[in-house]
Amino acid sequence: MGRIICCGLGPGDPDLMSVRADRVVRAAKHVAYFRKRGQLGQARRIVEGMLAAGVSEYPMEYPVTTEIAFDSPEYARLLAGFYDEWTERLARLARAVDIVVLCEGDPYFYGSFMHLHARLQGRVEIEVVAGIPGMVGCWNSVGRPIALADDVTTVLMGTLPEAELVQRMQNSDALVVMKTGRNLTKIRRTLAAAGRLGDAWLVERGTMPDQRVARLADLAEADAPYFAIVLVHGQGRRKEAVP
Numbered sequence: 005m006g007r008i009i010c011c012g013l014g015p016g017d018p019d020l021m022s023v024r025a026d027r028v029v030r031a032a033k034h035v036a037y038f039r040k041r042g043q044l045g046q047a048r049r050i051v052e053g054m055l056a057a058g059v060s061e062y063p064m065e066y067p068v069t070t071e072i073a074f075d076s077p078e079y080a081r082l083l084a085g086f087y088d089e090w091t092e093r094l095a096r097l098a099r100a101v102d103i104v105v106l107c108e109g110d111p112y113f114y115g116s117f118m119h120l121h122a123r124l125q126g127r128v129e130i131e132v133v134a135g136i137p138g139m140v141g142c143w144n145s146v147g148r149p150i151a152l153a154d155d156v157t158t159v160l161m162g163t164l165p166e167a168e169l170v171q172r173m174q175n176s177d178a179l180v181v182m183k184t185g186r187n188l189t190k191i192r193r194t195l196a197a198a199g200r201l202g203d204a205w206l207v208e209r210g211t212m213p214d215q216r217v218a219r220l221a222d223l224a225e226a227d228a229p230y231f232a233i234v235l236v237h238g239q240g241r242r243k244e245a246v247p
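Residue numbers for the sequence shown follow the numbering used here, so the first one is 5 and each next one is one higher.
Please note: incorrect hints may appear among the correct ones.
[Stated by the list, open to error] Computed cross-link-like contacts, EDC-like style, restricted to lysine to aspartate or glutamate with a CA-CA straight-line distance of at most 20 Å:
id: 1; residue 1: Lys-40; residue 2: Glu-65
id: 2; residue 1: Lys-183; residue 2: Asp-75
id: 3; residue 1: Lys-40; residue 2: Glu-166
id: 4; residue 1: Lys-183; residue 2: Glu-131
id: 5; residue 1: Lys-40; residue 2: Asp-19
id: 6; residue 1: Lys-183; residue 2: Glu-166
id: 7; residue 1: Lys-190; residue 2: Glu-166
id: 8; residue 1: Lys-190; residue 2: Asp-214
id: 9; residue 1: Lys-183; residue 2: Glu-168
id: 10; residue 1: Lys-40; residue 2: Asp-227
id: 11; residue 1: Lys-33; residue 2: Glu-166
id: 12; residue 1: Lys-190; residue 2: Glu-168
id: 13; residue 1: Lys-183; residue 2: Glu-129
id: 14; residue 1: Lys-40; residue 2: Asp-102
id: 15; residue 1: Lys-33; residue 2: Asp-75
id: 16; residue 1: Lys-190; residue 2: Asp-155
id: 17; residue 1: Lys-33; residue 2: Glu-131
id: 18; residue 1: Lys-183; residue 2: Asp-214
id: 19; residue 1: Lys-190; residue 2: Asp-203
id: 20; residue 1: Lys-33; residue 2: Glu-78
id: 21; residue 1: Lys-40; residue 2: Glu-89
id: 22; residue 1: Lys-183; residue 2: Asp-154
id: 23; residue 1: Lys-190; residue 2: Asp-227
id: 24; residue 1: Lys-190; residue 2: Glu-208
id: 25; residue 1: Lys-33; residue 2: Asp-88
id: 26; residue 1: Lys-40; residue 2: Asp-88
id: 27; residue 1: Lys-33; residue 2: Glu-52
id: 28; residue 1: Lys-190; residue 2: Glu-61
id: 29; residue 1: Lys-40; residue 2: Asp-26
id: 30; residue 1: Lys-190; residue 2: Asp-222
To be clear, the hints were calculated from the coordinates, so they are not data collected in a lab. Bear in mind that the values here come from a model prediction, so they are computed numbers and not experimental data.
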């Protein structure tokens, strides 16, 4: 019996992969990874030049990404079918060989593999290799601590309703907002309503060669790429003791 090894690759820079992840990737004979149709895929791009000669590759192409609303029944139906299909394919392959599934960031932190992980329980041995989450690479790119002392840090999805975004932005110290893209205008609007826009940073493709770091308020209103995160740094709620 083989295994399915989901390998966290970190935020994008191959130098930020763990020693264990590097070893697993270089030794792999069968590699699967998610990608948008017609593209190489970010996980596959991270390991370019690292795969062994003759490795078998299994690109798992999403049937839909942004073409229809993510909360529509059709979107849910298409994605469920996609994950069901790849669960069966990977389970069959793992009867005989080890399959390495590449995952940006850390697999257990909003990783797409988790949709397969739940379906594969009890069917095949699964190993998960931890990776640096993408948001960690992003706040390191800004060069400031994301949280200090008693700061509360909240991770939000830009797909949430505006009222909920505003409420959570007002009730936390440090903020990480993921799933920006087409939601960036809404995120900007909710940050302004919460009084946090002036402190917000946009990090596009953090740690990658084409990284961009800028204050969100200084940018023209436009969509951000998929690999973009909005950050608001905490200020440290517990004051340091004065001697």
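Structure-based check of each hint:
no., hint, in the structure
1, Lys-40 to Glu-65, "5 Å, holds"
2, Lys-183 to Asp-75, "14 Å, holds"
3, Lys-40 to Glu-166, "28 Å, violated"
4, Lys-183 to Glu-131, "27 Å, violated"
5, Lys-40 to Asp-19, "24 Å, violated"
6, Lys-183 to Glu-166, "14 Å, holds"
7, Lys-190 to Glu-166, "7 Å, holds"
8, Lys-190 to Asp-214, "25 Å, violated"
9, Lys-183 to Glu-168, "15 Å, holds"
10, Lys-40 to Asp-227, "18 Å, holds"
11, Lys-33 to Glu-166, "46 Å, violated"
12, Lys-190 to Glu-168, "12 Å, holds"
13, Lys-183 to Glu-129, "31 Å, violated"
14, Lys-40 to Asp-102, "24 Å, violated"
15, Lys-33 to Asp-75, "37 Å, violated"
16, Lys-190 to Asp-155, "25 Å, violated"
17, Lys-33 to Glu-131, "16 Å, holds"
18, Lys-183 to Asp-214, "19 Å, holds"
19, Lys-190 to Asp-203, "16 Å, holds"
20, Lys-33 to Glu-78, "35 Å, violated"
21, Lys-40 to Glu-89, "16 Å, holds"
22, Lys-183 to Asp-154, "26 Å, violated"
23, Lys-190 to Asp-227, "10 Å, holds"
24, Lys-190 to Glu-208, "17 Å, holds"
25, Lys-33 to Asp-88, "23 Å, violated"
26, Lys-40 to Asp-88, "17 Å, holds"
27, Lys-33 to Glu-52, "15 Å, holds"
28, Lys-190 to Glu-61, "38 Å, violated"
29, Lys-40 to Asp-26, "24 Å, violated"
30, Lys-190 to Asp-222, "16 Å, holds"
Comparing the model with each numbered hint stated earlier shows that hints 3, 4, 5, 8, 11, 13, 14, 15, 16, 20, 22, 25, 28, 29 do not hold.
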